[in-house]
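Assemble the whole structure, with the sequences as input and the hints as a guide.
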Amino acid sequence: MVGAERPKAARRGRDRRARALPAPPGKPRVDGARPTTAVVGGGIAGLAAATALAERGVGVTLYERQADLGGRAGGLPTTLRDGTPVTMSRGFHAFFRQYYNLRGLLRRTDPGLRRLTGLPDYPLLHASGMRDSFRHVPRTPPWSALGFAALSPSFTLRDLRAMDPVAALPLLDVRVPGIYDRLDRTSAHDFLDAVRFPDKARHLAFEVFSRSFFADPRQLSAAEMALMFHIYFLGSAEGLLFDVPRAPFPTALWHPLADYLRRHGAEVRTSSTVERVTPARGGGYRVTTDRDERHHDSVVLALDTAGLRRVVAGSGRLGDAPWRERIARLRNAPPFLVTRLWLDRPVAPGRPGFLGTAGFATLDNISVLERFEDEAAHWAGRTGGSVVELHAYAVPAGAARDVEEKRLVEQMYRVYPETRGAAVVDARHQWRDDCPLFPVGGYRDRPTVRTPDPNLMVAGDLVRTDLPVALMERAATTGFLAANALLERWGLRGVTLWTVPRRGRWAVLRALAGRAPR
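To convert, note that position 142 of the sequence shown is 142 in full-length UniProt numbering; the numbers rise steadily by one, no gaps.
Rather than coming from a laboratory, the hints here were simulated on the basis of the structure.
We put the beta carbon where it would ideally sit given N, CA and C, even for glycine.
A couple of the hints might just be wrong.
To be verified - Beta-carbon label-pair distances, calculated as ranges:
| # | residue 1 | residue 2 | range |
| --- | --- | --- | --- |
| 1 | 14 | 328 | 40 to 46 Å |
| 2 | 14 | 452 | 38 to 44 Å |
| 3 | 146 | 413 | 36 to 42 Å |
Rendered as C-alpha coordinates:
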(Lines of atoms letter the chains of each structure in order from A; the text may use other names.)
(Lines give C-alpha, C1' and ligand atoms only; values in the text may rest on other atoms or scores of the structure.)
Protein backbone atom coordinates (compact mmCIF):
# COMPACT_ATOMS: atom_id res chain seq x y z
CA MET A 1 0.00 0.00 0.00
CA VAL A 2 1.20 3.52 -0.69
CA GLY A 3 1.14 6.05 2.12
CA ALA A 4 -2.13 7.68 1.11
CA GLU A 5 -3.93 4.38 1.60
CA ARG A 6 -2.54 3.44 5.01
CA PRO A 7 -4.80 3.28 8.07
CA LYS A 8 -5.38 6.63 9.70
CA ALA A 9 -3.74 5.57 12.95
CA ALA A 10 -0.47 4.98 11.15
CA ARG A 11 -0.45 8.55 9.89
CA ARG A 12 -1.91 10.34 12.87
CA GLY A 13 0.07 9.21 15.92
CA ARG A 14 -1.51 9.30 19.36
CA ASP A 15 -3.21 12.72 19.20
CA ARG A 16 -6.89 12.18 18.41
CA ARG A 17 -7.23 15.86 17.47
CA ALA A 18 -4.69 15.69 14.66
CA ARG A 19 -6.25 17.09 11.51
CA ALA A 20 -6.45 15.47 8.09
CA LEU A 21 -6.12 17.32 4.81
CA PRO A 22 -7.95 14.92 2.47
CA ALA A 23 -6.28 13.86 -0.73
CA PRO A 24 -7.55 15.47 -3.91
CA PRO A 25 -9.73 12.82 -5.61
CA GLY A 26 -8.89 11.19 -8.91
CA LYS A 27 -7.68 8.06 -10.63
CA PRO A 28 -5.26 5.85 -8.68
CA ARG A 29 -2.68 5.81 -11.50
CA VAL A 30 -1.91 7.19 -14.92
CA ASP A 31 -3.75 5.11 -17.51
CA GLY A 32 -2.70 6.89 -20.68
CA ALA A 33 0.25 9.00 -21.78
CA ARG A 34 2.55 9.58 -18.82
CA PRO A 35 3.04 13.20 -17.81
CA THR A 36 6.60 13.96 -16.76
CA THR A 37 7.97 16.02 -13.89
CA ALA A 38 11.44 17.27 -13.06
CA VAL A 39 11.94 17.44 -9.31
CA VAL A 40 14.92 19.70 -8.71
CA GLY A 41 16.47 18.97 -5.32
CA GLY A 42 16.87 15.65 -3.52
CA GLY A 43 16.28 16.77 0.05
CA ILE A 44 13.20 15.86 2.07
CA ALA A 45 10.87 18.12 0.05
CA GLY A 46 12.06 16.78 -3.28
CA LEU A 47 11.90 13.18 -2.11
CA ALA A 48 8.31 13.67 -0.88
CA ALA A 49 7.22 15.25 -4.17
CA ALA A 50 8.99 12.61 -6.27
CA THR A 51 7.51 9.78 -4.20
CA ALA A 52 3.90 10.96 -4.45
CA LEU A 53 4.20 11.54 -8.19
CA ALA A 54 6.00 8.28 -9.00
CA GLU A 55 3.44 6.27 -7.02
CA ARG A 56 0.74 7.54 -9.37
CA GLY A 57 2.68 6.59 -12.49
CA VAL A 58 4.05 10.04 -13.37
CA GLY A 59 7.42 9.98 -15.13
CA VAL A 60 9.71 11.52 -12.50
CA THR A 61 13.32 12.64 -12.88
CA LEU A 62 14.88 13.67 -9.57
CA TYR A 63 17.89 15.99 -9.92
CA GLU A 64 20.28 16.42 -6.97
CA ARG A 65 23.42 18.52 -7.03
CA GLN A 66 25.19 16.51 -4.33
CA ALA A 67 26.40 12.92 -4.63
CA ASP A 68 23.80 11.70 -2.15
CA LEU A 69 20.22 12.42 -1.16
CA GLY A 70 18.69 13.88 1.99
CA GLY A 71 19.69 17.53 1.77
CA ARG A 72 20.44 18.96 5.20
CA ALA A 73 19.48 15.59 6.71
CA GLY A 74 21.93 13.78 4.47
CA GLY A 75 25.41 12.41 4.94
CA LEU A 76 28.56 11.75 2.96
CA PRO A 77 31.13 8.95 3.25
CA THR A 78 34.62 9.63 4.52
CA THR A 79 37.53 7.56 5.85
CA LEU A 80 39.20 8.04 9.22
CA ARG A 81 42.95 8.04 9.71
CA ASP A 82 42.68 4.52 11.13
CA GLY A 83 41.16 3.35 7.83
CA THR A 84 37.57 3.07 9.07
CA PRO A 85 34.93 4.09 6.52
CA VAL A 86 32.33 6.31 8.23
CA THR A 87 29.49 8.67 7.36
CA MET A 88 29.72 12.37 8.22
CA SER A 89 26.31 13.99 8.62
CA ARG A 90 25.35 17.63 8.79
CA GLY A 91 24.23 17.58 12.38
CA PHE A 92 21.69 16.09 14.72
CA HIS A 93 18.05 15.90 13.56
CA ALA A 94 15.14 15.04 15.85
CA PHE A 95 12.23 13.18 14.24
CA PHE A 96 9.38 14.38 16.44
CA ARG A 97 6.16 12.40 16.69
CA GLN A 98 4.29 15.47 15.33
CA TYR A 99 6.07 15.03 11.99
CA TYR A 100 3.19 13.03 10.52
CA ASN A 101 3.95 13.62 6.85
CA LEU A 102 7.70 13.10 7.14
CA ARG A 103 7.06 9.88 9.02
CA GLY A 104 4.51 8.91 6.37
CA LEU A 105 7.25 9.35 3.75
CA LEU A 106 9.61 7.12 5.73
CA ARG A 107 6.90 4.46 6.10
CA ARG A 108 7.10 3.83 2.35
CA THR A 109 10.19 1.71 2.99
CA ASP A 110 9.86 1.13 6.73
CA PRO A 111 6.15 0.61 7.62
CA GLY A 112 6.82 0.12 11.32
CA LEU A 113 9.48 2.87 11.50
CA ARG A 114 11.89 0.28 12.88
CA ARG A 115 14.85 2.23 11.52
CA LEU A 116 14.06 4.94 14.07
CA THR A 117 14.60 4.64 17.80
CA GLY A 118 13.27 6.86 20.55
CA LEU A 119 15.60 8.72 22.88
CA PRO A 120 14.41 8.49 26.48
CA ASP A 121 14.81 12.19 27.27
CA TYR A 122 15.24 15.66 25.85
CA PRO A 123 17.62 17.15 28.44
CA LEU A 124 18.83 20.76 28.55
CA LEU A 125 21.81 22.27 30.37
CA HIS A 126 22.60 25.92 31.01
CA ALA A 127 26.14 27.15 31.68
CA SER A 128 24.98 28.28 35.13
CA GLY A 129 24.51 24.62 36.03
CA MET A 130 20.73 24.67 35.73
CA ARG A 131 19.30 21.52 34.15
CA ASP A 132 15.94 20.91 32.60
CA SER A 133 14.19 18.05 30.87
CA PHE A 134 11.07 17.28 28.88
CA ARG A 135 10.97 13.63 29.91
CA HIS A 136 8.35 13.97 32.65
CA VAL A 137 6.37 16.80 31.09
CA PRO A 138 2.77 15.70 30.33
CA ARG A 139 2.06 15.33 26.64
CA THR A 140 -1.54 16.57 26.53
CA PRO A 141 -2.22 20.33 26.46
CA PRO A 142 -2.69 22.41 28.52
CA TRP A 143 -0.98 20.14 31.05
CA SER A 144 2.10 20.06 28.82
CA ALA A 145 2.78 23.80 29.18
CA LEU A 146 1.62 23.92 32.79
CA GLY A 147 3.64 20.82 33.61
CA PHE A 148 6.78 22.27 32.08
CA ALA A 149 6.40 25.45 34.10
CA ALA A 150 5.72 23.48 37.29
CA LEU A 151 8.57 20.99 36.84
CA SER A 152 11.19 23.31 35.40
CA PRO A 153 13.72 24.83 37.83
CA SER A 154 13.94 27.81 35.46
CA PHE A 155 10.47 28.97 36.56
CA THR A 156 9.87 30.36 40.03
CA LEU A 157 6.66 31.64 41.55
CA ARG A 158 8.12 35.14 41.41
CA ASP A 159 8.87 34.68 37.69
CA LEU A 160 5.32 33.56 36.99
CA ARG A 161 3.87 36.53 38.84
CA ALA A 162 6.08 38.94 36.88
CA MET A 163 4.97 37.65 33.47
CA ASP A 164 2.48 39.62 31.37
CA PRO A 165 -0.37 37.19 30.56
CA VAL A 166 -2.02 39.64 28.17
CA ALA A 167 1.12 39.87 26.02
CA ALA A 168 1.29 36.05 25.95
CA LEU A 169 -2.31 35.59 24.76
CA PRO A 170 -1.40 35.16 21.06
CA LEU A 171 0.23 31.84 22.02
CA LEU A 172 -3.18 30.49 23.04
CA ASP A 173 -4.68 30.66 19.56
CA VAL A 174 -2.01 30.08 16.97
CA ARG A 175 -3.53 29.85 13.50
CA VAL A 176 -1.81 30.07 10.16
CA PRO A 177 -1.61 32.58 8.55
CA GLY A 178 -3.25 34.66 11.31
CA ILE A 179 -0.29 34.34 13.67
CA TYR A 180 1.89 35.97 11.01
CA ASP A 181 -0.51 38.90 10.74
CA ARG A 182 -0.13 39.41 14.48
CA LEU A 183 3.54 38.66 15.18
CA ASP A 184 5.62 38.56 12.00
CA ARG A 185 6.75 42.17 12.46
CA THR A 186 8.06 41.38 15.95
CA SER A 187 11.27 39.51 16.72
CA ALA A 188 11.24 36.44 18.94
CA HIS A 189 13.49 38.31 21.35
CA ASP A 190 11.19 41.33 21.59
CA PHE A 191 8.10 39.16 22.02
CA LEU A 192 9.67 37.33 24.96
CA ASP A 193 10.66 40.69 26.44
CA ALA A 194 7.05 41.88 26.16
CA VAL A 195 5.82 38.72 27.88
CA ARG A 196 8.52 39.21 30.54
CA PHE A 197 9.48 35.59 30.08
CA PRO A 198 12.08 34.57 32.71
CA ASP A 199 15.64 34.80 31.41
CA LYS A 200 16.66 31.33 32.55
CA ALA A 201 13.57 29.69 31.06
CA ARG A 202 14.11 31.70 27.89
CA HIS A 203 17.55 30.21 27.41
CA LEU A 204 16.49 26.67 28.27
CA ALA A 205 13.18 26.55 26.44
CA PHE A 206 12.37 29.17 23.84
CA GLU A 207 15.89 29.66 22.50
CA VAL A 208 16.05 25.92 21.87
CA PHE A 209 13.27 26.50 19.36
CA SER A 210 14.51 29.77 17.89
CA ARG A 211 18.06 28.52 17.38
CA SER A 212 16.76 25.35 15.74
CA PHE A 213 15.86 27.77 12.93
CA PHE A 214 19.61 28.57 12.75
CA ALA A 215 19.03 32.17 13.72
CA ASP A 216 19.57 34.53 16.62
CA PRO A 217 16.24 35.32 18.37
CA ARG A 218 16.75 38.98 17.47
CA GLN A 219 16.59 38.06 13.78
CA LEU A 220 13.80 35.48 13.95
CA SER A 221 10.13 36.32 13.41
CA ALA A 222 8.13 35.87 16.62
CA ALA A 223 5.43 34.22 14.51
CA GLU A 224 7.74 31.28 13.74
CA MET A 225 8.53 30.87 17.43
CA ALA A 226 4.83 31.03 18.35
CA LEU A 227 4.10 28.39 15.74
CA MET A 228 6.70 26.12 17.35
CA PHE A 229 5.08 26.70 20.74
CA HIS A 230 1.77 25.57 19.24
CA ILE A 231 3.25 22.51 17.53
CA TYR A 232 4.96 21.20 20.66
CA PHE A 233 3.12 22.61 23.68
CA LEU A 234 -0.36 24.03 23.25
CA GLY A 235 -1.43 22.49 19.95
CA SER A 236 -0.33 18.87 20.03
CA ALA A 237 -0.56 15.93 22.41
CA GLU A 238 2.46 14.16 20.89
CA GLY A 239 4.89 15.69 23.38
CA LEU A 240 8.50 16.77 23.00
CA LEU A 241 10.30 13.45 22.97
CA PHE A 242 11.53 12.29 19.60
CA ASP A 243 13.09 9.54 17.52
CA VAL A 244 16.43 9.36 15.73
CA PRO A 245 17.73 7.02 13.01
CA ARG A 246 19.46 3.87 14.23
CA ALA A 247 21.99 4.13 11.38
CA PRO A 248 23.50 7.04 9.42
CA PHE A 249 20.88 8.99 7.47
CA PRO A 250 21.77 7.64 4.00
CA THR A 251 21.70 4.00 5.12
CA ALA A 252 18.61 4.23 7.31
CA LEU A 253 16.47 6.59 5.27
CA TRP A 254 17.51 7.79 1.85
CA HIS A 255 19.10 4.82 0.11
CA PRO A 256 15.96 2.71 0.69
CA LEU A 257 13.77 5.57 -0.54
CA ALA A 258 15.90 6.00 -3.68
CA ASP A 259 15.46 2.29 -4.41
CA TYR A 260 11.71 2.69 -3.82
CA LEU A 261 11.58 5.54 -6.33
CA ARG A 262 13.44 3.51 -8.95
CA ARG A 263 11.02 0.61 -8.49
CA HIS A 264 8.24 3.07 -9.30
CA GLY A 265 9.94 4.11 -12.51
CA ALA A 266 11.65 7.30 -11.33
CA GLU A 267 15.13 8.27 -12.49
CA VAL A 268 17.39 9.50 -9.69
CA ARG A 269 20.20 11.70 -10.99
CA THR A 270 22.66 12.63 -8.24
CA SER A 271 25.75 14.81 -8.89
CA SER A 272 23.61 16.65 -11.43
CA THR A 273 23.41 20.44 -11.09
CA VAL A 274 20.38 22.15 -12.64
CA GLU A 275 21.54 25.44 -14.11
CA ARG A 276 18.28 26.81 -15.51
CA VAL A 277 14.66 25.94 -16.24
CA THR A 278 13.24 27.46 -19.41
CA PRO A 279 9.56 27.46 -20.45
CA ALA A 280 9.39 25.68 -23.80
CA ARG A 281 7.36 26.72 -26.81
CA GLY A 282 4.31 24.52 -26.98
CA GLY A 283 4.36 23.82 -23.23
CA GLY A 284 6.56 22.23 -20.65
CA TYR A 285 10.11 23.15 -19.69
CA ARG A 286 13.65 22.59 -20.79
CA VAL A 287 15.72 21.64 -17.75
CA THR A 288 19.40 22.33 -18.38
CA THR A 289 22.01 20.68 -16.18
CA ASP A 290 25.80 20.67 -16.21
CA ARG A 291 25.52 17.47 -18.28
CA ASP A 292 22.56 17.75 -20.66
CA GLU A 293 19.14 19.24 -21.36
CA ARG A 294 15.76 17.49 -21.14
CA HIS A 295 12.13 18.39 -21.64
CA HIS A 296 9.55 17.89 -18.84
CA ASP A 297 5.84 18.71 -18.65
CA SER A 298 6.14 20.17 -15.13
CA VAL A 299 8.73 21.14 -12.55
CA VAL A 300 8.98 21.11 -8.77
CA LEU A 301 11.75 23.35 -7.41
CA ALA A 302 12.67 21.74 -4.08
CA LEU A 303 15.86 23.66 -3.41
CA ASP A 304 17.44 25.42 -0.47
CA THR A 305 17.28 29.21 -0.39
CA ALA A 306 20.54 29.84 -2.24
CA GLY A 307 19.80 27.13 -4.80
CA LEU A 308 16.35 28.52 -5.49
CA ARG A 309 17.72 32.04 -5.94
CA ARG A 310 20.42 30.72 -8.27
CA VAL A 311 18.13 28.68 -10.52
CA VAL A 312 15.46 31.39 -10.73
CA ALA A 313 18.07 34.08 -11.44
CA GLY A 314 19.38 31.93 -14.30
CA SER A 315 15.89 31.27 -15.67
CA GLY A 316 14.72 34.66 -16.86
CA ARG A 317 11.30 33.62 -18.17
CA LEU A 318 10.26 31.52 -15.18
CA GLY A 319 7.16 32.65 -13.31
CA ASP A 320 6.63 36.40 -13.58
CA ALA A 321 8.67 39.45 -12.59
CA PRO A 322 7.12 40.06 -9.13
CA TRP A 323 7.58 36.37 -8.24
CA ARG A 324 11.22 36.38 -9.34
CA GLU A 325 11.82 39.57 -7.33
CA ARG A 326 10.44 37.94 -4.19
CA ILE A 327 12.69 34.92 -4.70
CA ALA A 328 15.69 37.22 -5.11
CA ARG A 329 14.95 38.83 -1.72
CA LEU A 330 15.09 35.54 0.21
CA ARG A 331 17.92 35.38 2.72
CA ASN A 332 20.07 32.68 4.23
CA ALA A 333 20.44 32.14 7.95
CA PRO A 334 23.91 32.58 9.48
CA PRO A 335 26.44 29.79 8.94
CA PHE A 336 26.45 26.76 11.19
CA LEU A 337 29.21 24.39 12.26
CA VAL A 338 29.08 20.66 12.90
CA THR A 339 32.14 19.10 14.53
CA ARG A 340 32.43 15.35 14.96
CA LEU A 341 35.19 13.90 17.12
CA TRP A 342 36.35 10.30 17.40
CA LEU A 343 37.84 10.08 20.91
CA ASP A 344 40.18 7.39 22.26
CA ARG A 345 38.16 6.91 25.46
CA PRO A 346 34.46 6.86 26.32
CA VAL A 347 32.46 9.72 27.74
CA ALA A 348 30.98 9.06 31.18
CA PRO A 349 28.35 6.30 31.17
CA GLY A 350 25.49 8.57 32.25
CA ARG A 351 25.83 11.02 29.38
CA PRO A 352 22.66 11.19 27.25
CA GLY A 353 22.56 10.52 23.54
CA PHE A 354 21.56 14.14 23.00
CA LEU A 355 21.94 17.22 25.20
CA GLY A 356 20.71 20.71 24.35
CA THR A 357 22.94 23.44 25.77
CA ALA A 358 22.67 27.19 26.41
CA GLY A 359 25.17 29.76 27.60
CA PHE A 360 28.22 27.83 26.31
CA ALA A 361 29.37 30.35 23.69
CA THR A 362 28.22 28.99 20.30
CA LEU A 363 27.68 25.37 21.42
CA ASP A 364 23.99 24.45 21.04
CA ASN A 365 24.01 20.70 21.54
CA ILE A 366 26.17 17.62 22.05
CA SER A 367 25.38 14.14 20.77
CA VAL A 368 27.09 10.92 21.87
CA LEU A 369 26.45 8.94 18.73
CA GLU A 370 27.21 5.44 19.98
CA ARG A 371 24.19 5.77 22.26
CA PHE A 372 21.87 5.37 19.24
CA GLU A 373 23.72 4.99 15.90
CA ASP A 374 25.04 1.58 14.87
CA GLU A 375 28.04 2.82 12.87
CA ALA A 376 29.34 4.86 15.80
CA ALA A 377 28.55 2.03 18.24
CA HIS A 378 30.64 -0.41 16.18
CA TRP A 379 33.61 1.98 16.16
CA ALA A 380 33.29 2.72 19.87
CA GLY A 381 32.96 -0.98 20.70
CA ARG A 382 36.06 -1.87 18.68
CA THR A 383 38.27 0.96 19.96
CA GLY A 384 36.91 1.64 23.44
CA GLY A 385 36.34 5.27 22.50
CA SER A 386 33.39 7.59 21.85
CA VAL A 387 32.00 9.45 18.84
CA VAL A 388 30.88 12.92 19.90
CA GLU A 389 29.17 15.50 17.70
CA LEU A 390 29.02 19.21 18.52
CA HIS A 391 26.66 21.65 16.81
CA ALA A 392 26.74 25.44 16.61
CA TYR A 393 23.49 26.57 15.02
CA ALA A 394 24.22 30.21 14.23
CA VAL A 395 27.86 31.32 14.18
CA PRO A 396 28.46 35.09 14.18
CA ALA A 397 29.10 36.53 10.74
CA GLY A 398 32.78 36.91 9.92
CA ALA A 399 33.93 34.52 12.65
CA ALA A 400 37.30 32.87 12.01
CA ARG A 401 36.60 29.22 11.30
CA ASP A 402 39.66 27.77 13.04
CA VAL A 403 38.92 29.84 16.14
CA GLU A 404 35.28 28.70 16.25
CA GLU A 405 36.23 25.06 15.78
CA LYS A 406 38.60 25.24 18.75
CA ARG A 407 36.04 27.16 20.82
CA LEU A 408 33.41 24.50 20.18
CA VAL A 409 35.74 21.78 21.46
CA GLU A 410 36.62 23.88 24.52
CA GLN A 411 32.92 24.12 25.36
CA MET A 412 32.66 20.33 25.13
CA TYR A 413 35.36 20.14 27.81
CA ARG A 414 33.24 22.38 30.04
CA VAL A 415 30.09 20.32 29.54
CA TYR A 416 31.74 16.87 29.68
CA PRO A 417 34.99 17.40 31.65
CA GLU A 418 36.11 13.78 31.19
CA THR A 419 36.70 14.49 27.50
CA ARG A 420 39.52 16.93 28.31
CA GLY A 421 41.92 14.03 28.82
CA ALA A 422 40.83 12.19 25.69
CA ALA A 423 42.97 12.11 22.57
CA VAL A 424 41.21 12.99 19.32
CA VAL A 425 41.70 10.01 17.01
CA ASP A 426 40.13 11.97 14.16
CA ALA A 427 37.90 14.98 13.58
CA ARG A 428 35.65 16.39 10.88
CA HIS A 429 34.31 19.94 10.70
CA GLN A 430 31.46 20.91 8.41
CA TRP A 431 30.59 24.54 7.75
CA ARG A 432 27.31 25.26 5.96
CA ASP A 433 25.20 28.34 5.31
CA ASP A 434 22.24 26.96 3.38
CA CYS A 435 19.41 27.23 5.91
CA PRO A 436 16.55 29.66 5.24
CA LEU A 437 16.19 32.74 7.42
CA PHE A 438 12.70 33.62 8.63
CA PRO A 439 13.34 37.28 9.37
CA VAL A 440 11.08 39.76 11.06
CA GLY A 441 8.47 40.84 8.51
CA GLY A 442 9.58 38.32 5.89
CA TYR A 443 6.55 36.00 5.74
CA ARG A 444 4.77 37.65 2.81
CA ASP A 445 7.92 37.53 0.68
CA ARG A 446 8.33 33.78 1.02
CA PRO A 447 7.18 31.68 -1.95
CA THR A 448 4.08 29.50 -1.79
CA VAL A 449 3.83 26.01 -3.25
CA ARG A 450 1.91 27.32 -6.27
CA THR A 451 3.52 29.86 -8.58
CA PRO A 452 2.23 32.09 -11.39
CA ASP A 453 2.73 29.10 -13.70
CA PRO A 454 0.30 26.23 -12.93
CA ASN A 455 2.88 23.61 -13.96
CA LEU A 456 5.65 25.02 -11.76
CA MET A 457 5.69 24.30 -8.01
CA VAL A 458 8.03 25.16 -5.13
CA ALA A 459 8.64 22.99 -2.06
CA GLY A 460 10.90 23.13 0.97
CA ASP A 461 11.17 24.29 4.55
CA LEU A 462 11.41 27.89 3.32
CA VAL A 463 7.95 27.73 1.66
CA ARG A 464 4.95 29.59 3.05
CA THR A 465 1.93 27.42 3.73
CA ASP A 466 -1.33 27.78 5.65
CA LEU A 467 -0.62 24.68 7.74
CA PRO A 468 0.97 24.41 11.21
CA VAL A 469 4.23 22.75 10.14
CA ALA A 470 7.90 23.66 10.51
CA LEU A 471 11.43 22.48 9.79
CA MET A 472 11.69 18.95 8.32
CA GLU A 473 7.92 18.51 8.52
CA ARG A 474 7.36 21.67 6.49
CA ALA A 475 9.75 20.30 3.87
CA ALA A 476 7.90 16.97 3.63
CA THR A 477 4.45 18.60 3.71
CA THR A 478 5.19 21.13 0.97
CA GLY A 479 6.72 18.39 -1.16
CA PHE A 480 3.48 16.41 -0.93
CA LEU A 481 1.42 19.58 -1.53
CA ALA A 482 3.41 20.32 -4.69
CA ALA A 483 2.77 16.78 -5.92
CA ASN A 484 -0.92 17.02 -5.03
CA ALA A 485 -1.31 20.23 -7.03
CA LEU A 486 0.14 18.57 -10.13
CA LEU A 487 -1.76 15.31 -9.63
CA GLU A 488 -5.02 17.24 -9.37
CA ARG A 489 -4.33 18.89 -12.74
CA TRP A 490 -3.96 15.44 -14.30
CA GLY A 491 -7.03 13.94 -12.61
CA LEU A 492 -4.96 11.70 -10.34
CA ARG A 493 -5.55 11.06 -6.65
CA GLY A 494 -3.26 12.85 -4.26
CA VAL A 495 -1.85 12.10 -0.81
CA THR A 496 -3.79 12.63 2.42
CA LEU A 497 -1.81 14.86 4.79
CA TRP A 498 -1.97 15.30 8.56
CA THR A 499 -1.11 18.15 10.87
CA VAL A 500 -1.40 19.03 14.52
CA PRO A 501 -4.67 20.91 15.24
CA ARG A 502 -4.82 23.99 13.05
CA ARG A 503 -5.90 26.36 15.84
CA GLY A 504 -5.83 26.61 19.63
CA ARG A 505 -7.52 23.63 21.29
CA TRP A 506 -9.93 25.44 23.67
CA ALA A 507 -12.70 27.87 22.78
CA VAL A 508 -12.31 29.87 26.00
CA LEU A 509 -8.58 30.41 25.44
CA ARG A 510 -9.17 31.25 21.79
CA ALA A 511 -11.74 33.85 22.85
CA LEU A 512 -9.28 35.41 25.29
CA ALA A 513 -6.57 35.49 22.63
CA GLY A 514 -8.99 37.12 20.18
CA ARG A 515 -9.53 40.00 22.58
CA ALA A 516 -5.84 40.63 23.11
CA PRO A 517 -4.56 44.01 21.88
CA ARG A 518 -2.82 43.88 18.51
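Cross-check of the supplied hints:
no. : hint                    : in the structure
1   : 14 <-> 328: 40 to 46 Å  : holds (43 Å)
2   : 14 <-> 452: 38 to 44 Å  : holds (41 Å)
3   : 146 <-> 413: 36 to 42 Å : holds (37 Å)
Going through the hint list in order, the structure satisfies each hint without exception.
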